[in-house]
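S.K.: Just so you know, the protein sequences line up as chains A and B, in that order.
Heads up: the first sequence begins at 1 in this note's numbering, then just goes up one per residue.
Heads up: the second sequence begins at 1 in this note's numbering, then just goes up one per residue.
Where hints are given, some of them may not hold.
[Stated by the list, open to error] Stretches of chain B that chain A covers, calculated by requiring three or more beta carbons in the stretch to come under 8 Å of a beta carbon on chain A:
(1) 149 to 159
(2) 191 to 203
(3) 217 to 226
(4) 254 to 262
(5) 318 to 325
(6) 468 to 481
[As the list claims (entries may be wrong)] To give an idea of the chain A side of the interface with chain B (calculated C-beta under 10 Å), a few residues:
(7) Pro106
(8) Thr167
(9) Asp168
(10) Val169
(11) Pro170
(12) Gly424
(13) Tyr437
(14) Ala450
[What the hints assert, rightly or not] Heads up, simulated SDA-like pairs for lysine to any residue below, C-alpha to C-alpha not over 20 Å straight-line:
(15) Lys445(B) x Asp41(A)
(16) Lys28(B) x Asp41(A)
(17) Lys445(B) x Asp470(B)
(18) Lys28(A) x Ile40(B)
(19) Lys28(A) x Lys445(B)
(20) Lys445(B) x Glu458(B)
(21) Lys445(B) x Asn468(A)
(22) Lys445(A) x Ala36(B)
(23) Lys445(B) x Leu306(A)
(24) Lys28(B) x Lys28(A)
(25) Lys28(B) x Lys445(A)
(26) Lys28(B) x Ala36(A)
(27) Lys445(A) x Pro311(B)
What the hints contain is simulated information worked out from the structure, not anything from laboratory work.
Beta carbons are placed, not taken as given, at the ideal position from N, Cα and C, and that holds for glycine.
2 protein chains.
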Amino acid sequence: MGAVGRNRGSRRRGRQQTAEAVQHLERKIPYYDLLAEDAIDLIEEHADRILAEVGIEIRGDEEAIGLFRDAGATVDGERLHFDPGLVGDIVTRSTPREFVQHARDPKRSVTIGGDHTVFAPGYGMPFVRDLDGGRRYGSMEDLERLVKINQTLEWTHHSSLVICEPTDVPVNKRHLDMVAAHLQYSTKPLLGAVTAPERAEDSIEMVRIVFGPEFVDGNCVIMGNINVNSPLVFDGQVTRVMRIYAAANQGVVVCPFILGGAMGPVTPPGAIAQAHAEAMVGVALTQLVRPGAPVVYGNFLTTMSLRSGAPTFGTPEAGLAYFAVGQLARRLGVPVRCGGSFTSSKLPDAQSAQESADSLLTALMSGTNFVLHAAGWLEGGLVMDYEKLVLDNDRLGMMHVLLRGLNLDDNAFALDGFREVGPGNHFLGSAHTLANYESAYYEAKFGDSASWEQWREEGELDARQRANADWKARLTDYQQPHLPPDVEEALTGFVAGRKEAVPDAWY
Amino acid sequence: MGAVGRNRGSRRRGRQQTAEAVQHLERKIPYYDLLAEDAIDLIEEHADRILAEVGIEIRGDEEAIGLFRDAGATVDGERLHFDPGLVGDIVTRSTPREFVQHARDPKRSVTIGGDHTVFAPGYGMPFVRDLDGGRRYGSMEDLERLVKINQTLEWTHHSSLVICEPTDVPVNKRHLDMVAAHLQYSTKPLLGAVTAPERAEDSIEMVRIVFGPEFVDGNCVIMGNINVNSPLVFDGQVTRVMRIYAAANQGVVVCPFILGGAMGPVTPPGAIAQAHAEAMVGVALTQLVRPGAPVVYGNFLTTMSLRSGAPTFGTPEAGLAYFAVGQLARRLGVPVRCGGSFTSSKLPDAQSAQESADSLLTALMSGTNFVLHAAGWLEGGLVMDYEKLVLDNDRLGMMHVLLRGLNLDDNAFALDGFREVGPGNHFLGSAHTLANYESAYYEAKFGDSASWEQWREEGELDARQRANADWKARLTDYQQPHLPPDVEEALTGFVAGRKEAVPDAWY
Chain A
1 MGAVGRNRGS RRRGRQQTAE AVQHLERKIP YYDLLAEDAI DLIEEHADRI LAEVGIEIRG
61 DEEAIGLFRD AGATVDGERL HFDPGLVGDI VTRSTPREFV QHARDPKRSV TIGGDHTVFA
121 PGYGMPFVRD LDGGRRYGSM EDLERLVKIN QTLEWTHHSS LVICEPTDVP VNKRHLDMVA
181 AHLQYSTKPL LGAVTAPERA EDSIEMVRIV FGPEFVDGNC VIMGNINVNS PLVFDGQVTR
241 VMRIYAAANQ GVVVCPFILG GAMGPVTPPG AIAQAHAEAM VGVALTQLVR PGAPVVYGNF
301 LTTMSLRSGA PTFGTPEAGL AYFAVGQLAR RLGVPVRCGG SFTSSKLPDA QSAQESADSL
361 LTALMSGTNF VLHAAGWLEG GLVMDYEKLV LDNDRLGMMH VLLRGLNLDD NAFALDGFRE
421 VGPGNHFLGS AHTLANYESA YYEAKFGDSA SWEQWREEGE LDARQRANAD WKARLTDYQQ
481 PHLPPDVEEA LTGFVAGRKE AVPDAWY
Chain B
1 MGAVGRNRGS RRRGRQQTAE AVQHLERKIP YYDLLAEDAI DLIEEHADRI LAEVGIEIRG
61 DEEAIGLFRD AGATVDGERL HFDPGLVGDI VTRSTPREFV QHARDPKRSV TIGGDHTVFA
121 PGYGMPFVRD LDGGRRYGSM EDLERLVKIN QTLEWTHHSS LVICEPTDVP VNKRHLDMVA
181 AHLQYSTKPL LGAVTAPERA EDSIEMVRIV FGPEFVDGNC VIMGNINVNS PLVFDGQVTR
241 VMRIYAAANQ GVVVCPFILG GAMGPVTPPG AIAQAHAEAM VGVALTQLVR PGAPVVYGNF
301 LTTMSLRSGA PTFGTPEAGL AYFAVGQLAR RLGVPVRCGG SFTSSKLPDA QSAQESADSL
361 LTALMSGTNF VLHAAGWLEG GLVMDYEKLV LDNDRLGMMH VLLRGLNLDD NAFALDGFRE
421 VGPGNHFLGS AHTLANYESA YYEAKFGDSA SWEQWREEGE LDARQRANAD WKARLTDYQQ
481 PHLPPDVEEA LTGFVAGRKE AVPDAWY
């Protein structure tokens with residue numbers, strides 16, 4: 001009997017080619033179903049009622065509104081109402097159940113959706129922190145270092161984009177330097193800019209230079225991660241960016257951004273129904289632009305402190321919501337982004353590790369396919385922490401083992417080992433142990449299991465201090481991957497040309 | 001529609017009365033089933049083959065061997081072989097599916113088994129640590145302080161026993177002072193001594209003083225937690241202790257203690273089958289002594305560092321094993337002890353929190369009923385940490401919320417809230433938020449969600465430093481619960497008498 005998998009009987013629809021990626025994480029363990037089918041029905045029903053009775057607004061994008069009108073929505077100015085089932089039908093008609101996002105090193109290409117899980121480091125942090133330099137604004141130098149460190153990480157599959165904000169680069173030109181840095185310093189797949197339509201266009205143009213325009217038209221090589229202006233609003237800038245990615249057959253991650261009590265109800269079921277409604281509308285828009293375009297049903301749903309109104313992470317209510325979100329996405333048959341190594345802690349301390357562990361594990365049990373912010377996130381997303389980046393990477397390795405499940409073959413049951421060892425003796429030197437110990441367990445990098453005496457001799461370092469040495473060693477060992485000189489020249493030329501074309505802007 | 005529960009259709013067998021405990025944690029969410037039914041069959045089959053082909057040894061307890069001989073085992077000296085199914089049949093014939101462990105404050109009584117979860121703090125640590133005093137041998141003063149702190153914890157249901165080793169008390173008299181301290185300073189249910197048969201007898205005699213002998217004969221008020229001498233050995237001292245507890249109708253927690261690669265195979269499925277075999281034999285022994293005696297199918301199965309051979313905790317292989325153990329125990333229909341807030345870290349740092357989070361959450365998903373070591377455990381069980389005790393307590397609170405699941409009623413779906421707020425506006429001041437925010441979310445005690453600026457003003461404290469202030473405040477606020485003077489006098493008199501009767505021994 002081989003590896004154990006359940007709940008695998010999924011409909012196949014619009015599936016693109018499967019990546020032969022060495023970094024692949026394909027789930028072999030069952031999903032956790034918190035809710036019975038009738039409870040999922042109830043959430044879907046409430047999402048449909050929100051869309052029918054309250055509606056959503058698309059503010060300042062007539063073309064997007066027109067697409068929905070043509071598809072059957074009732075339009076009243078910028079407010080759209082949808083008959084129950086309408087949005088879900090658009091989604092299920094053409095959305096790929098899974099797709100490949102190609103990397104410039106084909107071995108690093110990833111499959112997003114189905115039973116696959118993809119980990120990407122944090123995104124969008126204006127600050128960075130490390131044990132030596134403390135907390136400071138992110139710079140282009142930080143971004144380059146972080147992209148390089150991430151390239152060396154064994155357990156992240158993706159390069160993200162704004163691994164920190166390069167605040168020393170003009171706002172309207174950051175995307176050029178960031179996309180170029182990811183393409184030059186990393187071979188993992190990347191995200192593209194979403195902060196303005198022309199920046200999205202630039203991002204796609206840059207991957208066309210590297211992958212070739214024909215390849216890009218036929219394959220997903222870049223994705224834009226967009227936040228819904230929750231509750232129930234899509235800003236026209238956002239829908240335009242979505243339309244640009246979808247029209248180019250590139251990926252869109254649609255992410256309702258809901259802090260319960262602020263951008264949604266304080267009671268989790270209402271926030272879950274709202275997130276479902278918003279995500280479905282976003283996914284549907286991409287399918288109206290280009291049926292079959294790669295898209296991810298996203299979710300960023302968390303709680304807040306009832307004392308201060310500050311966002312809180314890794315909370316049990318968020319975990320319960322993740323469980324439901326996974327079930328909703330699976331029933332819809334679309335790839336899902338959910339969870340991350342989230343925390344509101346200011347340091348990579350016990351609070352940080354506990355919140356990150358809970359938010360990631362619940363999301364993985366629920367079946368998340370794409371985990372943005374899987375490593376490095378600190379302080380509610382304000383800080384990319386160098387030490388936490390590598391600490392989280394280590395835990396992602398553990399999660400690879402967990403998701404791969406148990407292999408119940410004869411060797412694993414070790415009956416010969418029991419016969420050899422017998423009652424009361426040790427397995428340490430047994431033939432079965434010697435034959436298996438090298439591959440038996442994940443060897444944690446930061447899980448110090450040494451004796452207290454040895455740990456004391458080595459300087460009484462906590463996990464954070466051990467991680468400090470690790471990311472530095474990675475930077476020292478980092479080797480820049482080969483990019484053909486003509487491609488590099490074309491890329492650099494494009495960036496220079498676009499930078500010259502417009503004056504710097506800092507807002 | 002109310003709270004959502006599944007997998008609840010359990011056979012009822014030998015169920016004792018249900019506690020009306022205010023501290024109750026009754027699970028409302030489904031169990032996580034890692035394995036398909038045929039995979040569980042396969043593990044059971046291998047456990048049966050271990051018992052039939054290799055057998056187990058009971059070393060130096062003719063009476064226990066005789067009980068198994070009479071029940072059908074094949075006895076060859078101290079080695080016992082069991083036909084497939086024999087041990088399981090003894091277990092399922094009379095083991096209570098759940099039972100109440102009574103506390104001296106009836107509101108603190110707990111139900112062990114079924115859909116109930118009971119959290120107990122750490123047990124057996126020779127050392128203690130706190131931020132002020134560092135790492136040192138535990139003392140009776142520490143034990144008393146820790147019992148008092150635990151009495152104030154909102155989310156532990158149980159008092160454990162050796163919350164630290166009082167190393168300043170003679171080894172042969174520690175149990176007297178420990179049991180007395182728990183009975184005097186705590187109203188939560190407790191464990192009893194297991195290190196020698198006469199200490200088990202003393203423990204039971206002491207609860208007879210407090211609860212009355214008739215009550216004790218009819219009800220479980222104390223439990224002995226015993227470790228199997230894995231692999232496949234029960235020491236006669238251990239079986240004698242088990243027989244004493246079972247004969248007195250008191251609880252036994254049977255705990256195979258397996259570090260994969262040392263006391264069992266390095267491949268998890270073999271270790272799981274072994275643990276199942278050992279736990280079943282232990283449970284069966286109690287049922288042969290006294291059918292219907294309260295007993296818990298325990299498990300302490302973890303991994304080791306392949307570099308050093310040191311035990312490792314919170315690992316993914318241990319998590320997978322917990323999932324399987326929960327399913328095995330549930331099929332057998334017995335209460336299960338599994339998991340804890342385990343770590344090999346020397347400090348309550350990021351490593352500690354991550355390992356503890358993973359080991360506890362996987363155990364809870366798997367359906368553990370009794371979690372020993374749920375709070376305070378550090379350094380592979382060598383250290384009880386004051387700060388971690390309260391940090392873990394906070395996370396236990398979160399786990400209460402998680403296990404209680406989502407309440408999918410109309411209020412929770414907040415349709416009126418959506419109608420009131422509409423697209424693009426905030427829920428912060430809405431009627432729905434005002435009506436619900438006070439009870440909406442668990443408010444973490446150590447999850448600092450303040451802004452970085454505020455956190456800096458407050459001294460840049462990490463989670464451990466914040467926890468330091470918390471346990472001190474608990475000690476200050478602690479109030480000793482009332483124990484009738486005649487009972488206290490009888491208890492003290494018993495301790496004094498037993499101490500005088502024998503000379504001190506330090507081994």
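S.K.: Work down the list of hints and note, for each, if the structure agrees.
M.R.: Consistency of the hints with the structure:
With a threshold of 8 Å between beta carbons, the proposed coverage of the region 149 to 159 of chain B by chain A is violated, since 0 of its residues qualify and at least three are required. With 0 residues carrying a beta carbon less than 8 Å from a beta carbon of chain A, the region 191 to 203 of chain B misses the three-residue requirement, and the given coverage is violated. Counting residues of the region 217 to 226 of chain B whose beta carbon lies closer than 8 Å to any beta carbon of chain A gives 0, which falls short of the minimum of three for the stated coverage. Beta-carbon proximity to chain A at under 8 Å applies to 3 residues in the region 254 to 262 of chain B; the threshold of 3 is reached and the given coverage holds.
Only when three residues or more bring their CB closer than 8 Å to a CB of chain A does the claim for the region 318 to 325 of chain B stand; here the count is 3, and the claim holds. Under the rule that three or more residues need a Cβ within less than 8 Å of chain A, the assignment of the region 468 to 481 of chain B is violated, with 0 such residues. Because the closest C-beta pair between Pro106(A) and chain B is about 29 Å apart, greater than 10 Å, the hint is violated. Taking 10 Å as the C-beta contact cut-off toward chain B, the hint placing Thr167(A) at the interface is violated, the least distance being around 16 Å.
At its closest, the beta carbon of Asp168(A) sits 20 Å from a beta carbon of chain B; the interface hint therefore is violated under the 10 Å criterion. Because the smallest distance between the Cβ of Val169(A) and any Cβ of chain B comes to about 23 Å, over 10 Å, the interface hint for this residue is violated. At about 26 Å, the closest approach between the beta carbon of Pro170(A) and any beta carbon in chain B exceeds 10 Å, and the interface hint on this residue is violated. Below 10 Å, beta-carbon pairs count as interface contacts, and Gly424(A) has one with chain B at about 4 Å; its hint therefore holds.
Here the hint on Tyr437(A) is kept, as its CB sits about 5 Å from the closest CB of chain B, short of 10 Å. At its closest, the beta carbon of Ala450(A) sits 6 Å from a beta carbon of chain B; the interface hint therefore holds under the 10 Å criterion. The straight-line distance between the Cα atoms of Lys445(B) and Asp41(A) is roughly 35 Å, outside the 20 Å bound, and the hint therefore fails. Taking the CA atoms of Lys28(B) and Asp41(A), the gap is near 19 Å; set against the 20 Å cutoff, the hint holds.
Proximity of Lys445(B) to Asp470(B) is assessed by CA-CA distance (about 9 Å); at most 20 Å being required, the pair is judged to hold. Of the supplied pair hints, the one linking Lys28(A) and Ile40(B) holds, its CA atoms being roughly 16 Å apart against a limit of 20 Å. For the proposed pair Lys28(A) and Lys445(B), the alpha carbon gap of about 36 Å is over 20 Å, so the pair is violated. For the hint linking Lys445(B) to Glu458(B), the alpha-carbon distance of about 15 Å falls within 20 Å, and the restraint holds.
Pair hint Lys445(B) plus Asn468(A) does not hold up; C-alpha atoms about 28 Å apart against a cutoff of 20 Å. Distance hint between Lys445(A) and Ala36(B) is unfulfilled; the C-alpha atoms sit about 32 Å from each other, more than 20 Å. In summary, the hint linking Lys445(B) to Leu306(A) is supported, as the alpha carbons are separated by about 12 Å, within the 20 Å threshold. For the hint linking Lys28(B) to Lys28(A), the alpha-carbon distance of about 26 Å lies beyond 20 Å, and the restraint is violated.
For a cut-off of 20 Å, the pair hint linking Lys28(B) to Lys445(A) is broken: about 36 Å separates their Cα positions. A hinted pair counts as satisfied when its Cα atoms are at most 20 Å apart, and Lys28(B) with Ala36(A) qualifies at roughly 12 Å. A threshold of 20 Å between alpha carbons decides the hint, and for Lys445(A) with Pro311(B) the separation of about 15 Å falls inside it, so the pair holds.
Consistency with the previously given hints fails for numbers 1, 2, 3, 6, 7, 8, 9, 10, 11, 15, 19, 21, 22, 24 and 25, ordered from lowest to highest.
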